[in-house]
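*Asks:* Sequence:
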Amino acid sequence: MSLEKLIQKITEFPARRMRLRDRGALREGALADVVVFDAERITDRATIEEPRRYSEGVRHLFVNGVAVIAEGRATGARPGRVLLREAKEQA
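With the first letter of the sequence shown counted as 1, position 33 gets the number 33 in our numbering; the numbers rise by one all the way through.
Be aware that one or more of the hints could be misleading.
Below 20 Å or equal to it, Euclidean Cα-Cα: the simulated SDA-like pairs (lysine to any residue) are [claimed, not checked]: (1) K9 - D22; (2) K9 - V36; (3) K5 - R17; (4) K5 - A25; (5) K9 - E50; (6) K9 - L31.
Ranges of calculated distance between the beta carbons of each label pair, as one might list FRET restraints [stated by the list, open to error]: (7) R41 - T75: 18 to 28 Å; (8) E49 - E28: 34 to 44 Å; (9) A32 - A74: 16 to 26 Å; (10) R53 - G29: 28 to 38 Å; (11) V66 - R27: 11 to 21 Å; (12) D44 - S2: 34 to 44 Å; (13) E50 - R16: 29 to 39 Å; (14) N64 - E4: 18 to 28 Å; (15) D22 - A77: 12 to 22 Å; (16) L84 - D38: 13 to 23 Å.
Because the hints were derived from the structure by calculation, they are not lab data. Backbone N, C-alpha and C fix where the C-beta goes; we use that ideal spot for every residue, glycine too.
Using the sequences and the hints, build the whole thing.
*Replies:* What follows is the structure, encoded as structure tokens:
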């Protein structure tokens, strides 16, 4: 599977399934949740004992358009919020 297809499967598809219309894709009007990573260095460092360890290889992370990681370092910003899916429309 290509990296592009994998990213689509873990971003756009779940957002669509959860009816999160402003998430899951880079498009006008969507909230900007973006991770910029080095594909050669990306490694998950979290463990059961230390679940809050950052992954290696993440250069930038934006949540709701706000930089949370810049140049590989945490910024201290916490712009996240609870996401609620939209109600299913009745036919």
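*Asks:* Mind listing which of the numbered hints don't hold for this structure, in increasing order?
*Replies:* Hints 5, 12, 16 are the ones this structure does not satisfy, whereas the remaining hints hold.
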